[in-house]
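Visitor: Protein sequences, first through last, are from chains A and B.
For reference, each letter of the first sequence is one residue, going 1 to 280 in this note's numbering.
For reference, each letter of the second sequence is one residue, going 1 to 297 in this note's numbering.
Everything labelled a hint here was simulated from the structure, so no lab data went into it.
Just to be clear, a hint being listed does not mean it is correct.
[What the hints assert, rightly or not] Estimated spans, in silico, between C-beta atoms of each pair:
hint	chain 1	residue 1	chain 2	residue 2	range
1	B	Val224	A	Pro197	19 to 25 Å
2	B	Gly223	A	Phe19	28 to 34 Å
3	A	Thr108	B	Phe107	29 to 35 Å
On a predicted model such as this, the values are computed, not experimentally measured, just so you know.
A virtual CB, placed ideally from N, CA and C, is assigned to each residue, including glycine.
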Amino acid sequence: MGKIAWRALLVGALLAFLFAVLFPLYWMAISSTKTFKELFSIVPVFWPSEFTPKAYKAVLTSPAREIPDLLDGLRNSLVVSGATVFVALALGTLAAYAIARLRFRGKTAVTALVLIVYLFPAILLMVPLFAMFAMVELHNSLRGLVVAYLAQTLPVSLLVLGNYFRSIPAEIEEAALVDGCSRPGVIWRVTIPLSVPAIASVALYVFMIAWNEFLFAYILLSDPKKFTAPVYISYLHSQLHTPWNQVMAASVLVTVPVIILFTCFMKWIEKGLTAGGIKE
Amino acid sequence: MGGPRGTLRRREEQLAYLMVLPAVLVVLGVVLFPVIYNIWMSFHNLTLANLTKGASFVGIRNYLKVIRDPDFVQSLLITVGYSFSAAMMSVAAGLAAALILNVRLPFRNLFRASFLFPYIAPLISVVYIWKWIFDPQAGVANWILMETGLISAPIDWLTDGRMALPMVILFQGWRYFPFAMLLILARLQAIPQDLYDAAAVDGAGKFHRLLHIALPELRYVLGVVFLLRFVWTFNKFDDVFLLTSGAGNTKVLPILTYRYAIGTGQLGLGAACAMFLSITLVAFILVYQLRVLKWER
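So that you can see chain A by itself, here it is in the shape it has in the complex (with noise of 0.2 Å):
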C-alpha cells in the first residue's frame, strides 16, 4: 500500500473512533440543556436554539422532602464511596504490609486466603450477600452497603499493595530499624510515604468502582433518600414518560466528578488500570 492510503486508513481510523467516543458524550450534554419542544422534536436538533438550565434544577432540587433529589443521591454515593476507600484502604494497608513484610505462623494460609478471595467469580457473592442482608435486616442501610463494596475492593486492595509493599528494597527499612525506628514507626515514616503512588491508585481505584455500583445499591436500598446516584438515576428513568433531560443531567453530574479526578490523577488512574490488580 501507498503512503498515501496508509494516511487515509489512519485518519478515517482516527475519526471513527473519536466519533464513537465522543459523540455519545456531546449527545448526553446537549441533550440536558435541551428544552422539551426540542428534546422531542421529529428531527433531532444538534445545536439547540436555547440552552436552558432546567433540567439541572429538576434533578437537584425535590418537590417535596419525602421525594429524593439528585443531590441526595450524589450525598450518599459519596459517603459510601469515601467510608469504603477509608477502611479498604486502612484494613488492606496494615495487612498486606505484614504479609509482605513480617515473619509469623500461618502466613501461607493468609498469603493464599488472599489470592484464593481475589479470584472467586463476583457473580458467587451475589445471591449469598443478598441472603445474608435480608437476615441481618442491613437492607436499606448505606452501612450495609460499604460491606458489601468491601468483599468486592478488598481483596483487590490487599493484593496490589503486598506486591508494592514488596518491590520497596528491604534494605531501607532495615536501615531504620537499626537506627532505632520502630517497626511502626518505619510504616508510618518509611514504607508509607514511599507507597504514596501505589495507595493513591488503589483509593482512586476502589472509590470508582463505588461511586459507580448498581448492583448490591439497587438490591439493597428500598428507601428512595437512600438510593445513591446510580440508583436514583435509574428511577428516573423507570417514571412512566422518561424525562430524557433530566437522565442526562443527572449523568452528566456523576460523570463530572469522574472525569475531573481522571484529568487531576490520569497517571496514578492508568497505572492502576494497568497494574494487573484490577478486577471487575
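Add chain B to chain A, keeping to what the hints say.
Guide: Showing chain B alone in chain A's frame:
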C-alpha cells in the same frame, strides 16, 4: 529461643497478627463465608420465605431443576456466544486504537485521554446515553439511519429479538476497548525500535512490519486481554440488566441467576445457577491456559 532476639521476633509476630486480623476477618466474613454459603444454599431448598426458618437438604435437586429449565440451556448458549463476541470486539477495537496511538500524531495524548472515556465514565451514565441515542421513538440513531436510507422503519434496538443481543455486544466492545487498548499500547511501546529498523533495511513495508513484527510480539498480551475480558463479560450483570433487563434474547446467566434468587426469591435455585456459571468459567480458564496461553511449558 529467649534473649533479646527472641523477644523481638515474638513482638514482631504479635504486631503482624494485629495488622492482619481485621482484614482477614472481613475477607472471611464477606467473601469466603458467602461463597461457602452459596454452595450450601445450592443444596437446600432455601427461599426468601423460609430464610430464617431452616431449609431442608435437597441434594442436587436444585441443579437438576436449573438444567431442566429451557431458559437455562438457551441462557448458557447466549452467555458463551455473547462473552466470546464481546471480548473479541473489545480486543479488536483496542488493538486498532493502540495501533493508531502508536503512530506519532499531533495531540496524541489528547486522543488517548478521550478514548478512555467509555471505560472511565460511570456505567449508569453511558448506559442511559445509549438508551437515549437508540430510543425507538425519539432516538437520534433511528433518525440518522433512516435519513441515510440504511433502514426503512424505526427499530426498537434494545428489545427487538434480533437486535438486542448484537447491541449488547456492540456496547461491551465500545465500553471495554480502552482497557484492551491500554494494555496493548504498553506492550507495543516496549517493542525495541531496532526490530522495525532491521526489517525496514530488509525492505519490509509498513504492513509487513505490522504483521510480522508487532503482531507476534503482541500474541501473549492479546491472549491475556481476551481471557480477562471473556471472564469479566461472562460474570457481568449490571451492563445487560440496565441496557435490556434481559429482553430480546439477552437473558444471560447472571440475569437468570438474579431472576431466580432475587426476582422470585428462590435462593437455592439462584445459588445453583451461580455455581453452574462459576464451574463453566473455571473449566474455560483451565483449558484456555493450557491450550491458548500454553502455560504448562
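Visitor: Determine for every hint whether it applies to the structure shown.
Guide: Hints and how they fare:
1. B:Val224 with A:Pro197: 19 to 25 Å: Hint holds: Cβ distance 24 Å, inside 19 to 25 Å.
2. B:Gly223 with A:Phe19: 28 to 34 Å: Once the Cβ atoms are compared, 30 Å apart, the range 28 to 34 Å for A:Phe19 and B:Gly223 holds.
3. A:Thr108 with B:Phe107: 29 to 35 Å: violated, 51 Å
Checked against the numbered hints listed earlier, the structure breaks hint 3 alone; every other hint is satisfied.
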